[in-house]
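All chains, full assembly: derive it from the sequences and hints.
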Amino acid sequence: MTTSLLLVDSHLDLAFDAIQLKRDLTASVASVRAHDPEPVIRSFGTCTVTFPELRKGGVGLVFGTVMTRIDPNDAWTATGMYTQSQCYGIGVGHLAYYQAMERAGVLRFIRTGAELDGHVTEWERDPETTPIGLVLTMESADSILGPECVPEWHAAGLRMVSIAHYGVSSYAHGTGTEGGLLPRAKPLLEALKAHRIILDVTHFADQAFWEALEVFDGRVAASHHNCRALVPGQRQLSDEMIRAIVEREGVIGVALDAWMLDPKWQRELPGCEQLAHVTLDAVADHVDHIAQIAGSARHCGIGSDLDGGYGQEQAPRDVNTISDLQRLAGILEGRGYTPADIRGIFSGNWISLLKKAWGEGE
Amino acid sequence: MASTELLIIDGHLDMAANALALRRDLTQPVQVLREREGGIRRRSGHKDSLERRQGPLIPAQGPATVALPEMRAGRVGIMVSTLMCRVQASGPDTTHAARTREAAYAVARSHLAYYQALVRQGEISWIRDIPELEACLRAWENPSLQTPVGLILSMESADPILGPEQVPEWYEAGLRSVSLTHFGSNTYGHGTGTRGGLFPSAYPLMDALRKVGIVLDLTHAAELAFWQILDYWDGPVHASHCNCRALVPGQRHLSDEMVRAIAGRCGVIGMVFAEAMLNPAWVWEEPVTQRPTASRSMSAVVEHVDHICQLVGNTDHVALGTDLDGGFGRDLAPTDLDTIADLQKFVGILRSRGYREEDVRKIAHGNLIHFFHQAWEHTP
Chain A
1 MTTSLLLVDS HLDLAFDAIQ LKRDLTASVA SVRAHDPEPV IRSFGTCTVT FPELRKGGVG
61 LVFGTVMTRI DPNDAWTATG MYTQSQCYGI GVGHLAYYQA MERAGVLRFI RTGAELDGHV
121 TEWERDPETT PIGLVLTMES ADSILGPECV PEWHAAGLRM VSIAHYGVSS YAHGTGTEGG
181 LLPRAKPLLE ALKAHRIILD VTHFADQAFW EALEVFDGRV AASHHNCRAL VPGQRQLSDE
241 MIRAIVEREG VIGVALDAWM LDPKWQRELP GCEQLAHVTL DAVADHVDHI AQIAGSARHC
301 GIGSDLDGGY GQEQAPRDVN TISDLQRLAG ILEGRGYTPA DIRGIFSGNW ISLLKKAWGE
361 GE
Chain B
1 MASTELLIID GHLDMAANAL ALRRDLTQPV QVLREREGGI RRRSGHKDSL ERRQGPLIPA
61 QGPATVALPE MRAGRVGIMV STLMCRVQAS GPDTTHAART REAAYAVARS HLAYYQALVR
121 QGEISWIRDI PELEACLRAW ENPSLQTPVG LILSMESADP ILGPEQVPEW YEAGLRSVSL
181 THFGSNTYGH GTGTRGGLFP SAYPLMDALR KVGIVLDLTH AAELAFWQIL DYWDGPVHAS
241 HCNCRALVPG QRHLSDEMVR AIAGRCGVIG MVFAEAMLNP AWVWEEPVTQ RPTASRSMSA
301 VVEHVDHICQ LVGNTDHVAL GTDLDGGFGR DLAPTDLDTI ADLQKFVGIL RSRGYREEDV
361 RKIAHGNLIH FFHQAWEHTP
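For the record, the sequence lines run as chains A and B.
The numbering used here puts the first sequence at residues 1 to 362.
The numbering used here puts the second sequence at residues 1 to 380.
Don't take each hint at face value.
[To be verified] Listing some non-contacts, in silico: residues in chain A with all C-beta distances to chain B over 12 Å:
(1) L6
(2) T112
(3) S143
(4) P151
[Claimed, not checked] Okay, the calculated bits of chain B under chain A, using three or more residues with CB under 8 Å as the criterion:
(5) 96-104
(6) 111-123
It should be emphasised that the hints constitute simulated quantities derived from the structure, not laboratory data.
Glycine included, every Cβ here is placed at the ideal spot set by N, Cα and C.
Spelled out as structure tokens, the structure:
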């Protein structure tokens, strides 16, 4: 455990799991698995992420989401809302969960370069008791009622936002739809830029992706995203998109959802009724694909999205809990990545992007 | 509005829980909410749509009866509405429970934020002090279809309050009434369905509530907890939604002794419009006694009103705390109630039972106005 490399996971829906799935994330994964009622396991899979497991895996910094969207047809999770007022309610609830965990000494909000530097130093010295760092992010901007609310969210710690998710949000077309930005997107993007909030391009529909890059000239990243060249589907990034993100000095966090890793995955079946064919090697394939396009490993990161609507069944078959992410280091080493490359992929690339975004890097 | 229509205050609704846990957009008419929950769901043809993932559908609560347009139509101009999330282990009936106190805190904050968003839209308005109460009463003298519904913010089970030092923060956010417990054994004491009293942490919490001027709601306190609260607490008390044990047996209801104790402390008791609270055959602990549909009309509620008035010798301590859509729907609401707008019919039933106009007004709104007025007048 003391040999664990510091790892940054750029996409975890921790608050959703704690509140909507009612998981006690301060407990062990084994305990959560024992407590989860059958409908939760059937819909969301077997738990792989809790705070003790993050610590065991050296995950000292997480991007934790505020995650709620307008989605009246959400028959699957029945958490998609009808109005932005409802999304604002749920979104503030997610924020409040992270605040309560900070109060409990489990998490620590990271909002500035100084806080980031201090945290990394402290974590490397004392990974046993240092609180886990949290960068507050948002998946679907429906809980931002309008551009005039961006300062409130920024003050609360929000540092990265994807304005779309599944379906059509208040601002843009997202996964599973075809279309671009909606008229309300532009003033929102301007407000995000003014607050140095990173635009997360994950979950944009293709047209919306390109329109957003044109309108938004702040920092961009893809928090949890794989490569379309390896796994077909709109949810993945085309090579052209990867190139565009690299040109903008962005980082792409590769995700562990079998739907995005395993072309044979059957989306129509519940995750708990099938088994992923892939292992962590497939994750390394996506890292490598991005690195080959970029010409370096400086744009690769990890945004596992573990327990983000799927569980252990739908993760690479050699992943039992999030602590197994550490094994990627050996796999990458075997493929010729240098220790510096691996440190960058594990944490350095995200850290340097955050600092640049906050005007404190380079 | 017809001149016979009185302003009605509903002393207990779970508006935010319905909006967030059941996805109900309460700015829409009840009929729209029913169609959304009963309708066939559309499925996207896009191959990357989330709808292609399969999972169990979350079972719906019974058909909705409460939405803001119906409240306006029925002149229900003021509501005491909850932040509601208790800590309880997951079970078959724990939709509104959290596993940890931190999660309960987060859910309560989500409820608060929803109300704030409705205030921002002009759908509802805050009632946090006497001037705001009086302004709301004035607005409802000549209401329009846009008049905001006044909100007095309450909390059902104090689990979201992470400690006494957090009480001023909640007061500042608008919180004015708190019940320490709910179903089960919670953070601060024993609630409905359990035997026992308060936990030690309840006492510093009560001190903090008293200090800022939040009133205590005795609803859902287990027998021993009820009397422990009254022994310790010297501030205002009410029972936001409770009926009479003399008419319907069971711990969830108030014994005659409890009714007298609340009246003796100038408290008010809100009548609940639920089959489970009106049918003597219904036993909370025995599912076989529980009917799928209601058998009682709103006349059954009048029996509880009568009982309390006879017991205490006046009409000063009865109000409404319907709890409509509080875990049940139209199926288990009184048989002659379709939506919350039908509370005006209840006013008519009181009149036909011989209640004088002055008494009807007290029950419909006067007693709760007086209660909060008194509580806030003496706020430190």
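Self-check item: Hint numbers contradicted by this structure
Solution: 3
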